[in-house]
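Number of protein chains: 2
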Amino acid sequence: MRIVFLGTSAGRPTKTRNVTSVALLLGRHNRFWLFDAGEGTQHRLLASKLKLNKLERIFITHLHGDHLYGLPGLLTSRSYFEGAGPLRLFGPPGIREYIDCAFKTSEAHLDYELDIVEIEAGTIAEDEGHKVEALELEHRIRCFGYRVTERPVPGQLDLAALARLGVPSGPLFGKLKRGEDISMADGTAVRSAEVVGPPIPGRTVAILGDTTPCANAVMLGKDADVLVHEATFAAGMEEKALAYGHSTVRDAAGIAAEAGAKRLIVTHISSRFDDEAVARMIDEVKDVFPNIEAAEDFYETDVAKN
Amino acid sequence: MRIVFLGTSAGRPTKTRNVTSVALLLGRHNRFWLFDAGEGTQHRLLASKLKLNKLERIFITHLHGDHLYGLPGLLTSRSYFEGAGPLRLFGPPGIREYIDCAFKTSEAHLDYELDIVEIEAGTIAEDEGHKVEALELEHRIRCFGYRVTERPVPGQLDLAALARLGVPSGPLFGKLKRGEDISMADGTAVRSAEVVGPPIPGRTVAILGDTTPCANAVMLGKDADVLVHEATFAAGMEEKALAYGHSTVRDAAGIAAEAGAKRLIVTHISSRFDDEAVARMIDEVKDVFPNIEAAEDFYETDVAKN
Ligand SMILES: [Zn+2]
Ligand SMILES: [Zn+2]
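Chains as they are written, first to last, in the working numbering: chain D, 13 to 318; chain V, 13 to 318.
Just so you know, the hints here were simulated from the structure itself, not pulled from any lab data. Among the clues, some could well be false.
Remember, identical chains collapse to one label, so a pair may be satisfied in a single copy or spanning two.
[Unchecked claim] Below are the EDC-like pairs computed for lysine to aspartate or glutamate, each with C-alpha atoms no more than 20 Å apart in a straight line: (1) Lys-27 with Glu-94; (2) Lys-252 with Glu-130; (3) Lys-27 with Asp-309.
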């Protein structure tokens with residue numbers, strides 16, 4: 013998995029930071045998901061290596077404009093891309109009416125199937141590769157955080173053990189790896205557990221919407237490989253952050269520490285802070301959570317393999 | 013007056029052209045108006061010298077997404093700019109419902125007064141400086157073109173004649189210039205017409221929405237100093253253009269010639285054409301209307317003084 017930040021500003025775009033959007037690359041065939049789609053997200057995609065026909069799911073955290081207004085244009089532009097398959101859009105109740113209204117006004121028609129899912133807290137999507145869970149956060153309007161967990165993958169084959177047991181390479185290796193016990197031509201039984209290491213747990217990425225510090229933020233970030241958390245304000249502005257339903261960078265660090273996350277990347281940074289101020293903000297809270305970084309637009313990072 | 017092209021693409025943004033928006037600078041204090049606001053118009057403004065608090069009016073030609081989807085974000089971002097006064101938004105019926113829906117969904121509030129005017133054909137705005145007229149064009153949905161005319165300004169004072177007549181410089185010059193006849197201290201009468209040249213006619217700029225060639229396009233462009241006309245397709249694609257409610261560059265040139273416009277600037281160019289193709293498209297129709305140019309994003313041009 014790889015995370016690409018497309019927009020890292022709060023409220024409005026600046027010359028260097030666009031309003032919020034985060035892409036999650038799923039590793040194969042450049043497939044990706046989007047979390048939020050502020051105005052200009054499709055423009056950021058045009059300037060990146062990501063192609064709209066490889067976008068399979070969109071998750072909207074909440075319906076504030078800086079997370080939402082890029083959606084109608086992105087959805088209609090996707091029709092221009094060859095091979096654009098069905099798209100699922102997840103978001104808080106109200107998102108369907110918004111899309112319906114924008115499309116009705118502009119008489120927009122899509123050349124692909126759009127499936128809009130108005131979510132409630134819980135497991136909102138499951139497939140062979142991933143599970144996606146959503147929990148409500150604490151913001152001025154209803155807002156969700158998302159937790160994406162890869163399914164565990166089978167452990168490594170112990171090639172030395174297989175050689176010792178005389179298992180010929182080929183289809184039997186696959187069976188053992190998938191957890192099946194086998195019998196060889198000479199009748200010898202080999203149990204999968206003997207020759208396959210323990211399953212490798214999937215990675216977890218938590219991408220949260222706007223929020224003040226809350227228990228659900230900790231739940232979503234629990235032991236996460238990467239926690240993406242907002243940090244609208246600098247440490248010391250906690251009162252203001254709370255009043256507006258936001259977090260400071262110290263709040264975000266505290267959540268990451270409490271959750272036992274491995275890495276914290278903060279985004280959704282107020283336009284009042286320039287690059288230097290952001291660097292200072294991060295340094296100030298390394299005592300709370302050392303493995304913290306601030307995202308900037310087009311920042312890409314791999315989620316380390318377990 | 014000065015025209016700044018902020019977006020010159022049709023349908024969707026490309027790496028170099030954003031979707032449609034044109035700014036008209038009114039000459040003093042960097043005040044400007046916008047015509048259309050495709051997604052990312054506020055980003056184009058950020059990259060230009062234009063500031064949202066100097067934006068006084070927006071005119072939307074029609075409600076297709078590539079002319080409209082930038083509006084909610086631009087309007088909400090304008091609240092961040094100090095000294096942002098009232099804003100008037102003109103557009104086809106339906107624009108109010110669109111804005112209401114976007115703002116309701118996102119719980120947006122503006123820090124300034126927004127006056128939405130759903131227009132019909134005719135004179136839609138008049139002030140000391142300008143008159144704005146709108147006429148319907150022929151597109152797939154209801155679409156308007158706008159014609160902005162400066163008020164005539166008083167002619168030049170004939171300083172030689174004033175000296176000969178013995179008029180002392182000062183307040184009397186102003187009265188004469190404003191068209192008033194005067195009497196001097198010694199009782200000599202001086203008529204304004206004797207010492208002031210003919211009024212200088214105001215300039216006219218016509219900015220049209222998407223359209224197939226039609227009589228109203230000619231009316232709007234009549235003797236215009238600058239006609240801004242769409243040219244979605246290249247010459248030879250007239251049948252396709254007609255089917256989609258658009259014009260070719262040859263159609264646009266024909267309208268400019270018929271209207272007797274002084275200059276034609278084409279915009280809203282399909283993303284299929286690269287810079288080289290656009291240059292070729294223009295060359296091909298110079299026989300129809302020689303004073304033609306293609307706009308590109310950030311192209312700025314003065315409207316020559318009369
Ligand atoms: Zn928010
Ligand atoms: Zn159109």
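Evaluation of the provided hints:
With identical chains, the CA atoms of Lys-27 and Glu-94 are at most 20 Å apart between copies only, with a shortest distance of 18 Å across copies and 31 Å within one. Neither within a single protomer nor between protomers do Lys-252 and Glu-130 lie at most 20 Å apart by alpha-carbon distance, with minima of 31 Å and 39 Å respectively. Proximity of Lys-27 and Asp-309 under a CA criterion of 20 Å is satisfied in both settings, with 11 Å inside one chain copy and 17 Å between copies.
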